[in-house]
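Number of protein chains: 2
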Amino acid sequence: GHELLKQERAKSKLPVEQLSQFLFTRGGLERKHGILAILEKEKVFYKSQNYFAGRVDRFETALARAKRLRQLTVQHGWSVEDFRAATELISEPGPYGLHESMFLITLRDQGTPQQREKFYKPALNYEIIGCYAQTELGHGSNVRGLETTATWNAEDQTFTIHSPHLTASKWWIGSLGRTANHAVVMAQLVIAGRSHGPHPFVVQIRDLKTHEPLENIHIGDIGPKFGYNTMDNGFLLFNNVKIPHFNMLARFSSVDPQTNRYMRPSSPSLVYGTLTWVRSTIVMQAGGVLARGVTIATRYCAVRRQFQDRDAPEWEKGENQVLNYTMVQIRLLTLLAATYALHFTGKGMMQLYETNQNKMSQDVGQVGSAQRGAGPEETHSGSDLLADLHATSCGLKSLASTIAAEGLETCRRACGGHGYSSFSGIGPWFADYLPTTTWEGDNYMLSQQVARYLLKSARSVMKGEKPTNDTTQILSNFLAKSDIGAAFDVLGRDEDIVAAFAWRTAFLTFEALKHRDEQKKAWNDLLVDFYRLSRAHSQYLVVKNFYETLQSPSLTAELDPETVTVMYKLFRLHSLHTLENEASEFYTSSAVTVRQIQLARTSAVMRLLEELRPHAVRLVDAWDFPDWQLDSSLGRYDGKVYEDMFYRASEQNPLNAITVDPYPDSPVLFKKNDSAQFKSKL
Amino acid sequence: GHELLKQERAKSKLPVEQLSQFLFTRGGLERKHGILAILEKEKVFYKSQNYFAGRVDRFETALARAKRLRQLTVQHGWSVEDFRAATELISEPGPYGLHESMFLITLRDQGTPQQREKFYKPALNYEIIGCYAQTELGHGSNVRGLETTATWNAEDQTFTIHSPHLTASKWWIGSLGRTANHAVVMAQLVIAGRSHGPHPFVVQIRDLKTHEPLENIHIGDIGPKFGYNTMDNGFLLFNNVKIPHFNMLARFSSVDPQTNRYMRPSSPSLVYGTLTWVRSTIVMQAGGVLARGVTIATRYCAVRRQFQDRDAPEWEKGENQVLNYTMVQIRLLTLLAATYALHFTGKGMMQLYETNQNKMSQDVGQVGSAQRGAGPEETHSGSDLLADLHATSCGLKSLASTIAAEGLETCRRACGGHGYSSFSGIGPWFADYLPTTTWEGDNYMLSQQVARYLLKSARSVMKGEKPTNDTTQILSNFLAKSDIGAAFDVLGRDEDIVAAFAWRTAFLTFEALKHRDEQKKAWNDLLVDFYRLSRAHSQYLVVKNFYETLQSPSLTAELDPETVTVMYKLFRLHSLHTLENEASEFYTSSAVTVRQIQLARTSAVMRLLEELRPHAVRLVDAWDFPDWQLDSSLGRYDGKVYEDMFYRASEQNPLNAITVDPYPDSPVLFKKNDSAQFKSKL
Ligand SMILES: Cc1cc2nc3c(=O)[nH]c(=O)nc-3n(C[C@H](O)[C@H](O)[C@H](O)COP(=O)(O)OP(=O)(O)OC[C@H]3O[C@@H](n4cnc5c(N)ncnc54)[C@H](O)[C@@H]3O)c2cc1C
Ligand SMILES: Cc1cc2nc3c(=O)[nH]c(=O)nc-3n(C[C@H](O)[C@H](O)[C@H](O)COP(=O)(O)OP(=O)(O)OC[C@H]3O[C@@H](n4cnc5c(N)ncnc54)[C@H](O)[C@@H]3O)c2cc1C
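Going down the list, the sequences are from chains A and B.
Residue 159 in this note's numbering sits at position 159 of the first sequence; the count goes up by one each step and never skips.
In this note's numbering, each residue's number is its place in the second sequence (first place is 1) plus 1000.
Careful, some of the hints might be misleading.
Calculated lysine-lysine pairs in the DSS-like style (CA-CA distance at most 25 Å, straight line) [to be verified]: (1) K317(A) / K1520(B); (2) K671(A) / K1209(B); (3) K1317(B) / K520(A); (4) K1466(B) / K317(A); (5) K209(A) / K1671(B); (6) K1569(B) / K521(A); (7) K1672(B) / K209(A); (8) K520(A) / K569(A); (9) K1209(B) / K672(A); (10) K1481(B) / K1466(B); (11) K1043(B) / K569(A); (12) K456(A) / K520(A); (13) K679(A) / K1671(B); (14) K456(A) / K481(A).
Don't read these hints as lab results, they were simulated from the structure.
Turn these sequences into a full structure, and let the hints steer you where they fit.
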């Protein structure tokens, strides 16, 4: 193992450090390694028993870690970025997770200055600990359908929070099950019998001393999950619980206690901003999420040897590294290319977000508060920029998290039998990541938002309006050429690849528009087309972002020419592989010919695999995952795969402390059970 | 929930019972329900704590279940089929798993009569309990590369079993970790310094009384896995352990103790048969495996309501069942069609297997013993029939288990957030099923066997040999028409669908042949093409099997005309959806036109979804899964989804018996921990 990875690293001259710095900046890398040095020393963060413990024990450890992390944060005065680096290294959802994200953000963004003083400040100090309770047993995507009510009582200026049915029970709420003593509760605001839709309320749910649930509040953990078992996702039912007027987060809307009237002051759409920001973060992280799996699988497949090459000459003894098989390469190296594509796209997405945030500070685009719904055409208009940002974040969130989730399973499977062991480190990571495809907008449903935006843009282009952004630009280009057609030299010129993807988006958009506006097809009948359209458009955005990164001056400034060449190859591999996978849409739109696809498939992609193969290990090294973070036998930097597997199985495994009585007629199951000793080892 | 499923069942007149009987026969259904009645009464089989317990506890319960199951088998005199029905109902890998399958089968098939007397008989009675130890830390797919040695000692007529390196450790061996006291060990037979390849040896590994490992034998459980945690997959190392001559399983090859010569008597290839049989079983089961997920998701999506239909008239109040959204249908109903397709294919596969077994009893096709290798072209030839059976079982095993595994995850995701809960019942089932894509021939590698066979068949057709089976037939057909081309009316005539799939297989086969034989491309350069070819061919086999079932007289005899019509629709949905997913190969081979694909996509498939929608719940009901088997809140027959979720979360969840101290500065984690009480509840 060790020797093989050494050889791999010797085969390529790719400057790993330079590349890492290009990806993460020198400051980012230093930050990570500084924090790692601190975490590594803390016994509570040792990962060795993670894969063995049962749920209650894991939760206990996770709580201990969350506390320690908070203590270290205070002790070292860590910034938000430092803290995020630490959680990435720990790589485990923890009981403070939702307190530290949605609870704090909501208090900050939706509270008035007085409310921030009363709630946000103590929350920042962990004097109160909260969660964000929106989803219910019966409603998730459809936020407007929430059943929990907050009824305004004019007589004593309070709200009554109530769960009228079982399905109104809050459900899935992170940090709620055991940990939180407060919740931001989304509930239907009812004034004088009239509902004004869901609004956020701050509700204390547990006693600050005893930590027992308050009267008329029923709380619990919702039970085991496919992953995320270190987090106490919880349920919450209210039986007519009164809270003061002050507890409705009132920055955007409020109830006037004098007139009992509902007030909705105009203001910049920061709510909207939060959701876009959360989605952008998912896009930003997807490359790294996938890169963990790719790192592990690539290293392991360079260490793993199986069979002799059947065409190898007699004298070439020894088994072949499985990474040499093209059927392994087509799975792993294409995903390796995808990690880079997603990383650059994530960066682009974040920049777009920030540019827009700045512009928005001046803007006064008023939007509604319940944007999680699927309701595509009915939503707010907002400014043009905002709409573009919104659609981009929806489409890319959907595509990027799908690629990452499915890619991780591909990596796991590429490791053969050993991929199935928890020691691979891929399975547990995959299981924890999976909900990302469902939350913050289900990946299938988000595609409706993208389609809606593209349809709207297409309508404006059809009306002859001037292009105002890239989307309307590519639609106009297509329209202008619709009588001439186009020919893209996708195998010869990189910019033609981008253009071919743009062409396909535009083609599918106008097809969908025809179905909807001319043929008057029902929205529901078009959902499958919309999904394809959203996917196509998002793939275009990824390809474009990758290409633009390659064209940026910083690239040639920071990377030597050979590395730049390798980056171009990754770009081509990602784009052409996507193109051949989606071949039929590319034909149908006449963006490319059948012959081009055939050549891409049998020739260009295969050649790129061969050219990239020698750099594979260095390309994953550049992602710079410390072993401590990966916690994987298969993905060890030093390649000591088998030794580590064996050590973990034989030395750390509680099941080996039991002796069974194997005979069916004997009622004795365990003759001996010393497995508890492993718990105390921690 | 309850009302909605009632309405669903009222909407369709599909005779569920009749259809179930067609699928499973009346006898099969009666068997299942008889056994269910027995299992249900046994407390040890209660599933309620399955999702909560940690590994050691789960293993303990699994052992108790395995014992009880064996006792019941004896008590009721259950047949092999009864036993299999019981394990399907229990749906949990157990500690006797490999004893009851590969250990017994190997002793039976590879032992001499004397060896059967000595080992097989007591094993049948669980006096000895065994496992099948082939895979090692360093070698799985490449069986010839195994490192464990069995060295013949002429002086005392014994073998020395030895593990020369760490990577020679047996690994992944089911039932070995804690349970077995014997193992069939595959080891390199070495006589006088010369290796004769891997052979099976029976080795006692633990004391029959104390159950402690014997001297010089190191055993343990390999640790936690993505699933399969109720099974003790183990490792095993030998330090020069001597076993008698008698313990080499000698039906096919042996060492003559007088001459010290290696003997390989000619005999029918039963070893080969075992592997084919195991693969055929996987094909047989894939439909049912997937159907569990489809049943759960379909019922839940009929109960789950979210959003109003955006084009629904004002007066139509209430939220839409998510099963009405076409984007849900395209995921679930196509998988529903796949369950039927796979079921009929599995039946066909089993018939093919049995026909061949009968023919083979007369045959004397001698083949090697280590057929698990990927080594495609080098392997034995065997008879024509055998080769076809082998390729079919490889291709279908690969395709069917991939469809089932990936389909289960699609089902889980279709359930939105609740799909992520263990109570969905899909996640745990998916996790346990996943290794099926890797074992008994990794799904990617099996494709090489299929390609090799197709290439061979194509060569014989090119030489002008007469077609001897369906494979050579479709290749000849294609060749005969290669100057004329073909036109298949895939949207108009069902038999043309089958023909188009055959055409595509043939096209890809001759393309691959050109690459290999004319262009002399390296085998490794063609692996990706081979994978595509194998997939295409296997899809053809599924479509053909489905179609043949529809054409069989038993269908019209057993099903009423309306049900037959629904079956045809399922056939079209499965085939046309596959066709549009693989569109580019269908174009490239000129089997269909671009326009046909477009029509399939936008019109035919969408219409089929609409037509099948009303029958969805009854079509899954016909799979006849008892609630007890599914163990799923979401998939309950009565639709009481939310009540069950809530009950499990609030009443059965050990995490709710702890109270935490939530403040970061407090060293106390759990103020109270009563979670142990849940263990005793069992
Ligand atoms: C691990 C985890 C943690 C979570 N943490 C929190 C938390 O802290 N706080 C919180 O408030 N929530 C939380 N959630 C809930 C999460 O936000 C929701 O599960 C998510 O929004 C999906 O909603 P749903 O479950 O209602 O899916 P549903 O909307 O019920 O979706 C079910 C299916 O129907 C389809 N569908 C639904 N509507 C349409 C439509 N209009 N058109 C087409 N298809 C449709 C979907 O695609 C999906 O296939 C969490 C969930 C998980 C899994
Ligand atoms: C849950 C579980 C239970 C098991 N139980 C048993 C048991 O009871 N007894 C037993 O003996 N074994 C058992 N096994 C082992 C199992 O049979 C092997 O894991 C399986 O055969 C795959 O072999 P491998 O792990 O060596 O994969 P590898 O061969 O190492 O495969 C690794 C990767 O390399 C690729 N690859 C390898 N060779 C080639 C090639 N020539 N061409 C192209 N690609 C290639 C594969 O596609 C894969 O992606 C079990 C495994 C699991 C996961």
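Here's how the hints hold up against the structure:
Between K317(A) and K1520(B) the CA atoms are separated by roughly 23 Å; this keeps the pair inside 25 Å, and the hint holds. Restraint check for K671(A) and K1209(B): satisfied, since their Cα atoms lie roughly 11 Å apart, inside the 25 Å limit. At roughly 22 Å between alpha-carbon atoms, K1317(B) and K520(A) fall within 25 Å of each other, so this suggested pair holds. Annotation: proposed proximity of K1466(B) to K317(A) is violated, straight-line Cα distance about 41 Å (limit 25 Å).
At roughly 11 Å between alpha-carbon atoms, K209(A) and K1671(B) fall within 25 Å of each other, so this suggested pair holds. Between the alpha carbons of K1569(B) and K521(A) the distance comes to roughly 23 Å, so the proposed pair stays at or under 25 Å and holds. Proposed proximity of K1672(B) and K209(A) is supported: the alpha carbons are some 14 Å apart, at most 25 Å. Between K520(A) and K569(A) the CA atoms are separated by roughly 44 Å; this puts the pair beyond 25 Å, and the hint is violated.
For the hint linking K1209(B) to K672(A), the alpha-carbon distance of about 14 Å falls within 25 Å, and the restraint holds. A distance of roughly 16 Å separates the Cα atoms of K1481(B) and K1466(B); the hinted pair therefore holds under the 25 Å criterion. In summary, the hint linking K1043(B) to K569(A) is not supported, as the alpha carbons are separated by about 61 Å, beyond the 25 Å threshold. Note on K456(A) and K520(A): the hinted pairing holds, with a Cα-Cα distance of about 15 Å set against a maximum of 25 Å.
Between K679(A) and K1671(B), the direct Cα distance comes to roughly 19 Å. Compliance with the 25 Å bound is thereby established for this hinted pair. Between the alpha carbons of K456(A) and K481(A) the distance comes to roughly 20 Å, so the proposed pair stays at or under 25 Å and holds.
Going through the hint list in order, the structure does not satisfy hints 4, 8 and 11.
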